[in-house]
Structure formats: C-alpha cells, structure tokens
Amino acid sequence: MSLLKQYGVTVARGGVAKTADEAEEFARQLGTPDSVIKAQVLAGGRGKGHFDSGLQGGVKMCYSPEQARNYASKMLGHKLITKQTGAAGRPCNDVFVVERVYVRREYYFAIIMDRASQNPVIIASSQGGMDIETVAHETPEAIVSHVIDINSGLNYNDAIEVARKIGFENDAVEKAADTFMKLYKIFLEKDATMIEINPLAEVQSGEVMCMDAKFGFDDNAEFRQQEIFALRDKSQEDKREVAAAKWNLNYIGLDGNIGCLVNGAGLAMATMDIIKLHGGDPANFLDVGGGAQKEQVAEAFKIISSDPRVSAILVNIFGGIMRCDIIAQGIIAAVQELGLELPLIVRLQGTEVEAAKKLIQESGLKIFSIDDLDEAASKAVKMSEIVQLGREADVKVSFSTN
1 MSLLKQYGVT VARGGVAKTA DEAEEFARQL GTPDSVIKAQ VLAGGRGKGH FDSGLQGGVK
61 MCYSPEQARN YASKMLGHKL ITKQTGAAGR PCNDVFVVER VYVRREYYFA IIMDRASQNP
121 VIIASSQGGM DIETVAHETP EAIVSHVIDI NSGLNYNDAI EVARKIGFEN DAVEKAADTF
181 MKLYKIFLEK DATMIEINPL AEVQSGEVMC MDAKFGFDDN AEFRQQEIFA LRDKSQEDKR
241 EVAAAKWNLN YIGLDGNIGC LVNGAGLAMA TMDIIKLHGG DPANFLDVGG GAQKEQVAEA
301 FKIISSDPRV SAILVNIFGG IMRCDIIAQG IIAAVQELGL ELPLIVRLQG TEVEAAKKLI
361 QESGLKIFSI DDLDEAASKA VKMSEIVQLG READVKVSFS TN
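With this note's numbering as the guide, the letters of the sequence shown map in order to residues 1 to 402.
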C-alpha cells in the first residue's frame, strides 16, 4: 500500500505489524471504533482460508484493539491454507491492520501485459470483491477490457470511458479515472507485469479507494528496481526456487518423484511429458540454460535431491551451446559431494558428448548412460518404482557405485 500512497492513490489508513502487540497499537492509533486485520500472505482466497492455529479466515473484522491483538496472535507465526497455497499453506509473518471503511460499491481493476497485442491491457469489472475468474466464467459480459498503446500510454479520455463502462457515476467517474492514470504510471515506471486492485471501492465519503492490491514485477528489471525487489519476502516462496534463483537456474517444484535436469524450456517440457507417458510423475521443472557451468550443475543436483519425494533423477541434455562434458563434470562432482544414492539416468547428445561419456564411465559411479530418450525415461520410471518399493518396505536401496 505504501507504493500506492507514493503515487497519490487513495488507500485506507493502516500499518503492517509483526507482533500481536504492534497490531493492537496500530488498531488503537487508528482512532476508529472498528478495524480490519489482514494476513499478509502471497496467495489469493485469504478470507476463505484457515490457519493451522484453528482460526478461520485470513481477513477479520475487529471491534476493539484487544480483538486485533487476539486475531494477530492466531495469525502470526502460523500457516494460512487457501485454495491457492495447497495443503502446505504459507507462513504469515506480518498482518496489515487497517481502518474499517464503509463501501457503497465494489469494482475490479487490473493492468496486465497482453501477449496478443504486445501492450498493457486494462481488465475491469463492476463485480469486485470476488474472484475475477468466477466473473469471467459466469458473467463474462461484466468484464471490460481496454488495450493501452505502450507508446502513447493511457490517456484521460480512455480512463473516463473505462470508469463509466464499469458503472462509476457522477463525481466518482473522474476520481476513478484519476486512480487509473496513477496506477498506470506505477505500472510503467516500476516495470510491473501486473497490478490488480480487488476491490476498488467507492466508499461512503465519495472517495474512490484501493482496498486491496496485488503486484507483479519483471524479474529482468531488478537491476533498476532495487527498492521494489528489496521488499521481496522469500519466506513466501519455495526454498528450492529461491536457491535456484541464486544460481540462475529456472526451477519449479512439482508433486512427482522423478527429478529432472534439462537444458532448454522446450526440452524440459518434452522430458516431463515422456516421463508421464511411461507412467511416472516429474518432481520438478529445472532448466539449467545454455551456459551453465560445473558449479551450477552441482547446485542443481543439490536442489533436486533436497526433495524427499525424489526417488530417481533423469538428466536430459542436448549440447549445442552447452557442452556435455561440462554437464558430466558437474554431475560427477555433485554425486561425489552429496553421496547420492538415488538412481541416476543420464542422456547426453551434442557437443563433446564422447568426452562426457568417457568421464562418466571412468568415474566409478553408478550412472545409467542411455542415448535414447524414450529408453532413458522408461528406465527412470522403473528405477523410481524400485526405490519407492524399498522405502515402503523400509529397505535401503543404493545406487552409489558400480
């Protein structure tokens, strides 16, 4: 909300608290009979979620500072589970204590990047305060879109038109249009990829106010948006994804048990598909890119093997820019350092592939080197099943040496 305030966007008064005592003090400082406390968790559906403390809902009305303290104690340090977090939930380290305002009407407003037009596009609706996906499914006619020319920007007349289309009336039209202009300025100047205000409200006083906000920023702009990226809360992210980012690795954790290490996003997707074809489930998407060094490959293995569900690892490398012998050196170093006992299936093709195969053969490690991708994927699935059977029977299965 502080970013919105910097640009003159109207928001409710409040503060972010890290302790129950702070939450009570913020509620007291507001000087209003009622307040609202919101769990600061990077996930949607907070209001309908629940905490592992037993508290139902991540957004609660408070009728006294003491009640704000009570709710904060059941939120802070606990995990909030919503339909977007999965069963694991997300930790709540902060709560936002804000004044209660009385809303006359709720709207939805967002600016996102549109691939089709290669321009920013406004998505707005008269039906705010609910999931926009539900609105799109049930009443698509309630959604208004407006493409913004990236070269000329959002002009005031277009902002007025959007405000009227979604139902703003009288003086609120100009106030809404002014808010749209300010939000677009943030979008442009801060290298945002998404700004979502839900709800955007017309309150009893006649003001147009941003009640809740979600932002996304271009990772490639981190070098010039250091203040923005300094606000990043890594506790809300998968620790493996955070570790991967430090080494410029593209990693996304999945729910399967076959770890994947691939170069190139397209090849990674194809690798996951062929694992599924043979009855397995990929544990991750991991693209080491075209210029990975030995150390990056070793770190990639550490990240994959840190997932306790992984029961086999499949490496699929096509050496174009990437040299297969560099990958092989990283694999060998990682296996030796980690004492890896999981079955490791390696499929290498391309630049310096023969040198890579020689390194693997002479390493003395139990590595299955297979040229055919279909055969390699099938082998990974079968080896994974063996390890899983061993785990179920409490029998250790080791693939550490030849």
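It is worth saying that the hints were derived from the structure and are not from the lab. For every residue, glycine included, the Cβ atom is placed at its ideal position computed from N, Cα and C. Keep in mind that a hint or two might mislead.
Keeping only pairs whose Cα atoms sit at most 35 Å apart, straight-line, the calculated DSBU-like set for lysine-lysine is [to be verified]:
1. K396 <-> K358
2. K246 <-> K185
3. K234 <-> K83
4. K276 <-> K48
5. K358 <-> K246
6. K396 <-> K79
7. K379 <-> K358
Pairwise CB distance ranges, derived in the manner of DEER restraints [said to hold, decoys possible]:
8. I252 <-> K396: 57 to 67 Å
9. G153 <-> A245: 49 to 59 Å
10. K302 <-> A355: 19 to 29 Å
11. E385 <-> D131: 32 to 42 Å
12. A245 <-> S117: 50 to 60 Å
13. S306 <-> I143: 19 to 29 Å
14. E385 <-> E161: 55 to 65 Å
15. S117 <-> K165: 34 to 44 Å
16. S306 <-> S117: 39 to 49 Å
17. A355 <-> M269: 20 to 30 Å
Here is what the structure says about each hint:
1. K396 <-> K358: holds (29 Å)
2. K246 <-> K185: Distance of about 30 Å is within 35 Å: holds.
3. K234 <-> K83: This hinted pair holds, its Cα atoms lying about 20 Å apart.
4. K276 <-> K48: With Cα atoms ~34 Å apart, K276 and K48 stay inside 35 Å; holds.
5. K358 <-> K246: holds (31 Å)
6. K396 <-> K79: holds (34 Å)
7. K379 <-> K358: holds (21 Å)
8. I252 <-> K396: 57 to 67 Å: violated (30 Å)
9. G153 <-> A245: 49 to 59 Å: violated (32 Å)
10. K302 <-> A355: 19 to 29 Å: holds (24 Å)
11. E385 <-> D131: 32 to 42 Å: holds (39 Å)
12. A245 <-> S117: 50 to 60 Å: violated (30 Å)
13. S306 <-> I143: 19 to 29 Å: violated (42 Å)
14. E385 <-> E161: 55 to 65 Å: holds (60 Å)
15. S117 <-> K165: 34 to 44 Å: violated (19 Å)
16. S306 <-> S117: 39 to 49 Å: holds (41 Å)
17. A355 <-> M269: 20 to 30 Å: holds (28 Å)
Violation of the numbered hints given earlier is confined to hints 8, 9, 12, 13 and 15; the remaining hints are satisfied by the structure.
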